[in-house]
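Kindly generate the complete structure, drawing on both the sequences and the hints.
Take a look at the letters that make up each chain.
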Amino acid sequence: MTNIKLTYQPNGIAGMKRNREHQIAGWLFAAPWVIGFFVLVLTPFWASLVLSFCRWDMIRPPQWVGFENYLRLADEIRSQTGFGLALRNTLYYSLLSVPLSVVFGIGLAIMLSWPVRGQALFRTIFFLPSMIPVVATCILWMWLFDPQSGWVNHAIGWLGLPPQNWLHQARSAVSAESAAVVGNAWSGQAPLALFGSKDALVMISLWTVGNLMVIYLAALHDVPQSLYEAAELDGAGRWRRFWRITLPQLTPVILFNLVTGLIRSVQTFTSIYVLSEGTGAPGESLLVIALHIFLAAFVDLDMGYASAMAWLLFCALMLCTWLLFRSSRHWVYYRFAN
Amino acid sequence: MVKFFRILVAGSLIVASCAAILLPQFQTKSNSAPPNRSEVVFWHFWGGEDRDVVDRVVERFNQSQSEYWVRAVAVPGNNLDAKLFLSVAGGNPPDLVNQDDPVLADWYGRGVLQTVGEFAGDQAESQLSEFLLPAARRLAQVDGRWVAVPNGLDVRALYYNASLLEERGLQPPATLAEFDQVIRALSPPNNPNAEMFAYLPDPRRILAWGYVFGGDFFDEKTNRVRLDSPEIIAALNWMQEFSRLYGPDAVARFRQSEQSLPGKTFPLLPALAESNVGRYAFLLDGQWRTRDIESFAAARKARGLAAPRFGVCPLPPPDGGRSRSGWVNGNFFVVPRGAKNVSGAWAFIRFWIGLESVDQAARTCAEGGWIPVSSAVIESKSFQDYLGQHPLMATFVELADSDQVFPYPQTRGAMFFKRTLETAAEEAVSHPERSSAQILHDAGLRIQSQLDRLQKIERAADAK
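Protein chains in written order, with the numbering used here: chain L, 1 to 338; chain X, 1001 to 1464.
Derived from the structure by calculation, the hints contain no laboratory data.
Just to be clear, a hint being listed does not mean it is correct.
[What the hints assert, rightly or not] Once the Cα atoms are required to be at most 16 Å apart in a straight line, the calculated EDC-like pairs of lysine to aspartate or glutamate come out as:
#, chain 1, residue 1, chain 2, residue 2
1, X, Lys-1418, X, Asp-1442
2, X, Lys-1340, X, Glu-1039
3, X, Lys-1083, L, Glu-68
4, X, Lys-1456, L, Glu-68
5, X, Lys-1418, L, Glu-277
6, X, Lys-1418, L, Asp-300
7, X, Lys-1418, X, Glu-1039
[As the list claims (entries may be wrong)] Okay, the calculated bits of chain L under chain X, using three or more residues with CB under 8 Å as the criterion:
#, segment
8, 89 to 103
9, 160 to 174
10, 250 to 264
Where is the CB? At the ideal position from N, CA and C, for every residue including glycine.
Next up, the structure:
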């Protein structure tokens, strides 16, 4: 029988010395990252908190203004301009894109787990869009959303819907205004122009759902077959097996994807910058918080205001994450939990 | 031995990381000035083909010099402001910067810039005052002080398909009423599937039409935003009228199609070889599009096909509006505070704009497709020869010489001004049922509030 030594145990003074040498070598190897983390991440992180209470244009020394920036944000939320508008747009995008990405991710993963010929090829095809750079994806979608020759309008034409303006329409499908649009279309007064730029953005976000699909696929393989066999013996059909076994078993992964998806959706910047040419157009409908922070910081050079927004966003995200974790005890099923 | 090896590997990793960071710095240094020449560090925003033009100008200057040597550094994108500010705050700014965004008042208000008097002497201001065109003078001054030196103008005018107008027995419009008639003759309403519109106003060009209608967006004397002046409301109303005529969705749909690949297309030109009509009969754009038209004609000729003729005319004014008017912007030089080689920077500015040699300046403008900032350069034989070869440029050059073309208001927060104004115009055009007066009034309040805030900050900083 082989005797395997599993732990490193220092042996007297020589051992302690060797341990210390190991520690020094470890820190030296980790030094580039540790220095980078402290200098490039942690310092700006705390500096931005201080700056959020200051006026700073990068040239004159920061000037302490107390809660002025935060009061301005509160005022803009009240009047639904600037930050308030950006918050509303971000909420719209996050509340649609995150749940839809979960639904599409699970749906695709389940379909791609079916034992059919060419399964590996299908998995590759559905994962490929996730590997395309964001800018290239946006240019591609700008063509697809072209109201006159784009494929998206052709596709919705088969469903009997009129051509939509997608990236040139501030209107959004889920809004009070859309009810009036549907009403007008129903009475024949106007064409059913329902979708706008935010809906287009949500569709683009679903294009990269392949990343989530891979995670769900791995989680599906992890579901014990014995559960399905027992359910089949009890006479459970496909739908019931999905609803009672598959979905509960996936809930830890769903929670993970909800949290990371929420953070990612709030931080979405590149695609919006490309689609709106850096302005949030049309009609500020794509002015999301990340873009608003960028414009305030690097175009208007209002670093204090931008920092205040970033901190408010950080706190809101922390709160949402905490709420998700807090609610998870009611809907997340951990197989090995005590 | 093992200890020595570990330390060696860790040390090598750290040295390699440092080298990876520092090596580019040394490589840049190898591009430094020759001996006995003082270096002028020149930041500019140009990229693509224009960057090559700038490099050639720099090369010509360096060859003509025995005293100075310019090192051009391309700093494209939105971050030029941040990089410049940090370099000034850090005490190591470039000697010269070229920019084209309406940021002059902001930069000057923050104390980043030297005035022309400071870096080139008071005489330089009077020299520039005589040398520059009125539009260039407006681009150079903030609060009545010379803080920049423009080196090229960008002027907008109305391109039109001359062959199409001739075929329909129409004339290029001289007034807005004539323009409206031509538009209705070429593009009658109630044709939602039209493949060609006579003209559709781009909401981002509210500034151009606002000036043509006789409006002023900002009162420099009182520091008040004047978006809701009757002339600007009338201009936006006129722009809204197209959405009422053809339907806002049809207009938006049509306009989005040519924006699928930004900056790559000039929709006045026919896309198909067998067609002589593009997506529009009229299009408001800058002088650089003359190159697209020339390339198009050359491509058609190479394939043995006849190309339609195109023309350019000033924006037609309404009754009581401004003739030969519109929006002008341009590229300008500024010298940051703390710049070390201001005399070298001034020598390069003089070379570029033509204070040393009008022929050199004419050559630069011809290569870049820019409009000279001085009538002396425009009248030079070199530039007149260039105009002879590129007749469509003539209208732009004439407009540049007009005293009725204006840049974006030189205010603090001008980028915010621009963004808010363009968004308001877009909202009005997308929603023709909404009151343009109310939209402009609301946008004006937002801009004024931002302006007041910036001025308050500036006053507080000055008081310190």
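Outcome of the hint check:
no., hint, verdict
1, X:Lys-1418 <-> X:Asp-1442, "holds, 14 Å"
2, X:Lys-1340 <-> X:Glu-1039, "holds, 9 Å"
3, X:Lys-1083 <-> L:Glu-68, "violated, 27 Å"
4, X:Lys-1456 <-> L:Glu-68, "holds, 13 Å"
5, X:Lys-1418 <-> L:Glu-277, "holds, 14 Å"
6, X:Lys-1418 <-> L:Asp-300, "holds, 11 Å"
7, X:Lys-1418 <-> X:Glu-1039, "violated, 36 Å"
8, 89 to 103, "violated (count 0)"
9, 160 to 174, "holds (count 7)"
10, 250 to 264, "violated (count 0)"
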